[in-house]
Every structure is written in C-alpha cells, then in structure tokens.
Amino acid sequence: MIEVKIHPTGKDLGQYLFVVIAARYRGKWVWVKHRDRDTWEIPGGHIEKDESADDAASRELIEETGAITFKLKVICDYSVKKDGKEGISRLYLAYINEIGPLPESEICCVDFFDTIPKNLTYPDIQPILFKEVSSNGSIA
2 MIEVKIHPTG KDLGQYLFVV IAARYRGKWV WVKHRDRDTW EIPGGHIEKD ESADDAASRE
62 LIEETGAITF KLKVICDYSV KKDGKEGISR LYLAYINEIG PLPESEICCV DFFDTIPKNL
122 TYPDIQPILF KEVSSNGSIA
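So the sequence shown is numbered by the numbering used here: it starts at 2 and just counts up by one.
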C-alpha cells in the first residue's frame, strides 16, 4: 500500500528525491508519456547530485515538455511511503508561456487536458498531487 502525505513548505523534512511540476499551457494541463509506457504522468523527475529542487524543476520541465519560457511556483512538499520506505519530494506549478520542440529524452509525447486524464502511470500518487495543485495553485 502507498501512503501519500502533503506537507507545507518551510520545514526541514530531509533530502528531496523528486520534483513534480504540474504545468498549464494555454488554459490546459500538460501531461506527458514516457517512451516505455502507455500511461500519462505529470512532468517531473529525480534531483541530480548537487542540484537544488528549484533547478531540477526547471530542468525537468524543459526536458519533458519543451517549455521555453515559464513561471514556476512551489506548491508543497509531499512524502510517499511504500513498503516501509518513505521519500520526500517537492510539487510545483508552472505556467508555460512558450513551448518549443520536445528535446531528446525519455518522454515521447506531450498532450494537453482540461483535467486529469485516465490511464495514469502513478494512480495512487498523481490524483492526490493534482488535487493539491488544482486547489492551491496560482501564480500572481
């Protein structure tokens, strides 16, 4: 069983493992497909050694969506506990102003939706994160 908990930012919860970036473009939500899967996911990925969460979020958004210009905002931290192991990650909201070609990466396609799509890669996690960013996310 997977347990997901939302945490406000500002507390030291430990080292972040991942960043997830819920993104909007022209009034739609941006979802991506990994080339080895036939399921949708929110853009995101691992934080590299000596990389900040903010830098990882910008890098992953560009790599996975082709975003050129965008605004990025931290929404919350979250933890995922599975099989007795727990990891901390950070959730962002991005408003993309301009998208270019999709860079060469593990992502094969990008699509735009009014809401959360069916057939998710992480169905126990993504709906919770999507709900959090949908209800608490806006960039002034």
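Just so you know, these hints were derived from the structure itself, not from any lab.
Treat the numbers as computed from the prediction; the structure is a model and nothing was measured.
Where a beta carbon is used, it is the ideal one built from N, C-alpha and C, also for glycine.
Be aware that one or more of the hints could be misleading.
To be verified - The calculated BS3-like cross-link candidates involving lysine-lysine, where the alpha carbons are at most 25 Å apart (straight line), are:
1. Lys29 - Lys86
2. Lys132 - Lys74
3. Lys34 - Lys119
As the list claims (entries may be wrong) - Computed spacing ranges between beta-carbons, pair by pair:
4. Asp56 - Ser80: 17 to 25 Å
5. Glu49 - Asp115: 18 to 26 Å
6. Arg60 - Asp125: 22 to 30 Å
7. Arg36 - Asp56: 23 to 31 Å
8. Glu105 - Leu14: 30 to 38 Å
Could you work out which earlier hints the structure fails to respect and list their numbers in ascending sequence? 1, 5
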